[in-house]
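Chains as they are written, first to last, in my numbering: chain B, 1 to 254; chain U, 255 to 580.
Be careful, since some hints might not be right.
Unchecked claim - Cβ-to-Cβ under 10 angstroms is the rule here; a few derived chain U residues that face chain B:
(1) S294
(2) G325
(3) M352
(4) T363
(5) H405
(6) G409
(7) M411
(8) V469
(9) P511
(10) K515
As the list claims (entries may be wrong) - Straight line, CA to CA, 27 angstroms or less: simulated BS3-like cross-link-like pairs of lysine-lysine:
(11) U/K516 - B/K165
(12) B/K141 - B/K110
(13) U/K515 - B/K131
(14) B/K243 - U/K443
(15) U/K443 - U/K338
(16) U/K516 - B/K131
(17) U/K342 - B/K141
(18) B/K227 - U/K443
(19) U/K532 - U/K516
(20) U/K515 - B/K227
(21) U/K516 - B/K227
(22) U/K342 - U/K284
(23) B/K193 - B/K131
(24) U/K516 - B/K193
(25) U/K515 - U/K443
(26) B/K215 - U/K443
(27) B/K193 - U/K515
(28) B/K243 - U/K450
(29) U/K532 - B/K140
(30) U/K284 - U/K262
(31) B/K243 - U/K516
(32) U/K284 - U/K516
(33) U/K322 - B/K243
(34) U/K322 - B/K215
(35) B/K215 - U/K284
(36) B/K223 - U/K443
Hints were generated in silico from the structure; no laboratory data involved.
Ideal Cβ positions, reconstructed from N, Cα and C, are used throughout, including at glycine.
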Amino acid sequence: MLRIENLCTYFHAKGQTIKAVDGVSLEVSRGEILGLVGESGCGKSTLSRTVMQLIPPTSGKIFLEDRDLSGLTPKEVRDERLNFQMVFQDPYASLNPRMTVFSTLAEALKRRHPNFAGDELSIKVGELMEKVGLAPRFMKKYPHEFSGGQRQRIAIARALAPEPKLIIADEPVSALDVSIQSQILNLLTNLVKDLNLTMIFISHDLSVVHYIADKIAVMQRGKIVEKGTADEVMEQAQHDYTKTLLSAIPHVTR
Amino acid sequence: MLQVEDLKTYFHTRDGIVRAVDGVSFSLEKGQTIGIVGESGSGKSVTCYSLLGLIPMPPGKIEGGTAKLDGLDLLQASEKELRKVRGKRISMIFQDPMTSLNPYLRISTQLIEPLLIHEGLDKKAAMARAIESLEEVGIPDASLRIRSYPHEFSGGMRQRVMIAMALITKPEILIADEPTTALDVTVQKEVLDLIKDRQRTLGTAVIFITHDLAVVSNVCDHVHVMYAGKVVESAPTNRLFTHAEHPYTKALQRSIPALQKKGEPLYTIEGLPPDLTKPVAGCSFADRCDFAEASCRETAPVLKEAAAGHETACLRRQSGEIDLNS
């Protein structure tokens, strides 16, 4: 379970303080997907980077399975990082083009199990690929030989390799075509269920978030302005900003 | 006004001939809005770039077809003739306004350029028109902001500048290539409303290229659905969403998360689009189609009318063997 308490991340620039994350409190249980919604610049990426310990928080606490992450030393952060992984928007940019699928995934697997080698390693890589719907016979290929959707599957496999407890997916389907989007959304829902993961799904697309998330948090100017179950937020939005977002979604009109 | 017939644009690459656009026909009337919908690589952008002579040749080559703009065949026109069309009679806006505006030049310089070239205005008159056009797209303090550089605007404001620039010569046709894909939802709505509003005022016809079916349903009169370089279905917008007559269109609509029940797995189209370097004998969607039969892989389908103004390229629908809307 992930618990965030009164988290603040400020940046100082030109004598000004930018409150990118300003007093955020959230809770996500195991096996649950939290949808984090907001427009560019609302602080959702800074929030996820702070949770990932990539940016130190200004104040506040982050607990993953009751362990306080905000007070760790850099060495401890490195060890703990196995437990939280990220999937990014652009699978073209987030995979190393010079590494085969095998070496990308083997490297990630060895973070948790440094002893894996030889046949055992190949078998584990193959299992991982099957888990995300890729045929293991493609393990010697490079990222450019795959389509966008397949590349996103590789990125997801890499995130799963160290057996994390928390996955933050930052706009994981925004760059994909509609027909591929639905494949990846199905994959993510099944993985969360099967592996009992905790997931934060960041997106600006409320209709996608409504479909995939159990709970939704709406973020505006560094603050969570509304949170609730997915159906509550979509059907009985309370905050004006949520209503604005909802009314802006282009609906298929018949 | 614009009549495109059997347009074929191929790319000759080391891996073979990519049939990016393979026999596309459509027409556009004055003031009409048509949508060209398809996934990445379906040929929707290449279709429109071909009309304006924007395909890099080589590797690209227009292999056949005509595109008549009031009698002038754009595909045969000389570069000199095309220059009179581009930015004057047909304008274009792109997905990413940051890469299509010149970061080194003030907005003013970029806005008045088409007026100096196409309308022969002097600088002072052009400047006045440019400020007016910025006001028309809703940029506050236009006379001051016109001195700014592109990076001083937000994404949505930059797209407004692009729209102002594209419409400043009052073109007959505006081609909008994914104009809102890079924008936030609230900004997307503003930009779509703006395009519709300007279109109504100026009577411009619009070709909307997008992969977003919801956007199409809101702005277009008529939609062409492209798959693997061909138009597979063409219908008035409301018909397309109530009575799709091609399995691909139907499948696309079924995979939109907003139209699915929560908790149920999303409908997915299995597999990948075909490799365009390999000629397909029959229907290019057959391998991913729930309705395909052996005959679908043998005969190449052509668009045929299924209802008034509604064409489909599905052989089994044409023969009446399947009904997609029962």
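How the hints compare with the structure:
The restraint placing U/S294 at the interface with chain B holds, with a minimum CB-CB distance near 6 angstroms, inside the 10 angstroms limit. Annotation: interface hint on U/G325 violated; nearest CB of chain B at approximately 36 angstroms, more than 10 angstroms. Contact between U/M352 and chain B, as hinted, is not supported at the beta carbon level, the nearest pair being about 13 angstroms apart and thus beyond 10 angstroms. For the restraint placing U/T363 at the interface with chain B, the shortest Cβ-Cβ distance is roughly 28 angstroms, beyond the 10 angstroms limit, so the hint is violated.
Restraint check, U/H405 versus chain B: the minimum CB separation of about 15 angstroms is more than 10 angstroms; hint violated. Of the supplied interface hints, the one on U/G409 holds, with its beta-carbon coming within about 7 angstroms of a beta-carbon of chain B, less than 10 angstroms. Interface hint at U/M411: violated, since its Cβ lies 13 angstroms from the closest Cβ of chain B, which is beyond the 10 angstroms cut-off. Because the closest C-beta pair between U/V469 and chain B is about 5 angstroms apart, less than 10 angstroms, the hint holds.
Residue-level restraint check for U/P511 holds (minimum Cβ-Cβ distance to chain B is 4 angstroms; threshold 10 angstroms). Look at U/K515: its Cβ gets to within about 9 angstroms of chain B, closer than 10 angstroms, so that hint holds up. Under the criterion of a C-alpha separation no larger than 27 angstroms, the hint pairing U/K516 with B/K165 is consistent with the structure, at around 24 angstroms. At roughly 20 angstroms between alpha-carbon atoms, B/K141 and B/K110 fall within 27 angstroms of each other, so this suggested pair holds.
A C-alpha spacing of about 25 angstroms is found between U/K515 and B/K131, which places the hinted pair at or below 27 angstroms, so the restraint holds. A hinted pair counts as satisfied when its Cα atoms are at most 27 angstroms apart, and B/K243 with U/K443 qualifies at roughly 14 angstroms. The straight-line distance between the Cα atoms of U/K443 and U/K338 is roughly 32 angstroms, outside the 27 angstroms bound, and the hint therefore fails. Among the hinted pairs, U/K516 with B/K131 is consistent with the structure: their alpha-carbon atoms are about 23 angstroms apart, no more than 27 angstroms.
Restraint check: the Cα-Cα separation between U/K342 and B/K141 comes to about 48 angstroms, which exceeds 27 angstroms; the hinted pair is violated. Distance restraint check for B/K227 and U/K443: the Cα-Cα separation of roughly 24 angstroms lies within the 27 angstroms cut-off, and the hinted pair is therefore satisfied. For the given pair, U/K532 sits about 39 angstroms from U/K516 by alpha-carbon distance, which is inconsistent with the 27 angstroms threshold. Of the pairs offered as hints, the one joining U/K515 and B/K227 holds, with about 21 angstroms between alpha carbons and a cut-off of 27 angstroms not exceeded.
The suggested pairing of U/K516 with B/K227 holds, with an alpha-carbon distance near 18 angstroms, which does not exceed 27 angstroms. As the CA atoms of U/K342 and U/K284 are separated by approximately 15 angstroms, the hinted pair is consistent with the 27 angstroms bound. Distance check on the hinted pair: B/K193 and B/K131 sit about 13 angstroms apart at the alpha-carbon level, within 27 angstroms; holds. With a C-alpha separation of about 15 angstroms, the suggested pairing of U/K516 with B/K193 holds against the 27 angstroms cut-off.
Between U/K515 and U/K443 the alpha-carbon distance is near 25 angstroms, which keeps this suggested pair within the 27 angstroms criterion. Between the alpha carbons of B/K215 and U/K443 the distance comes to roughly 25 angstroms, so the proposed pair stays at or under 27 angstroms and holds. Pair hint B/K193 plus U/K515 holds up; C-alpha atoms about 18 angstroms apart against a cutoff of 27 angstroms. Of the supplied pair hints, the one linking B/K243 and U/K450 holds, its CA atoms being roughly 23 angstroms apart against a limit of 27 angstroms.
Pair hint U/K532 plus B/K140 holds up; C-alpha atoms about 24 angstroms apart against a cutoff of 27 angstroms. Taking the CA atoms of U/K284 and U/K262, the gap is about 24 angstroms. The hint holds against a cut of 27 angstroms. Distance check on the hinted pair: B/K243 and U/K516 sit about 20 angstroms apart at the alpha-carbon level, within 27 angstroms; holds. Annotation: proposed proximity of U/K284 to U/K516 is violated, straight-line Cα distance about 42 angstroms (limit 27 angstroms).
Distance check on the hinted pair: U/K322 and B/K243 sit about 46 angstroms apart at the alpha-carbon level, beyond 27 angstroms; violated. Proximity of U/K322 to B/K215 is assessed by CA-CA distance (about 53 angstroms); at most 27 angstroms being required, the pair is judged violated. Restraint check for B/K215 and U/K284: the C-alpha separation of about 47 angstroms exceeds 27 angstroms, so the hint is violated. Distance restraint check for B/K223 and U/K443: the Cα-Cα separation of roughly 24 angstroms lies within the 27 angstroms cut-off, and the hinted pair is therefore satisfied.
Violated hints, listed in ascending order, are 2, 3, 4, 5, 7, 15, 17, 19, 32, 33, 34 and 35; each of the other numbered hints is respected by the structure.
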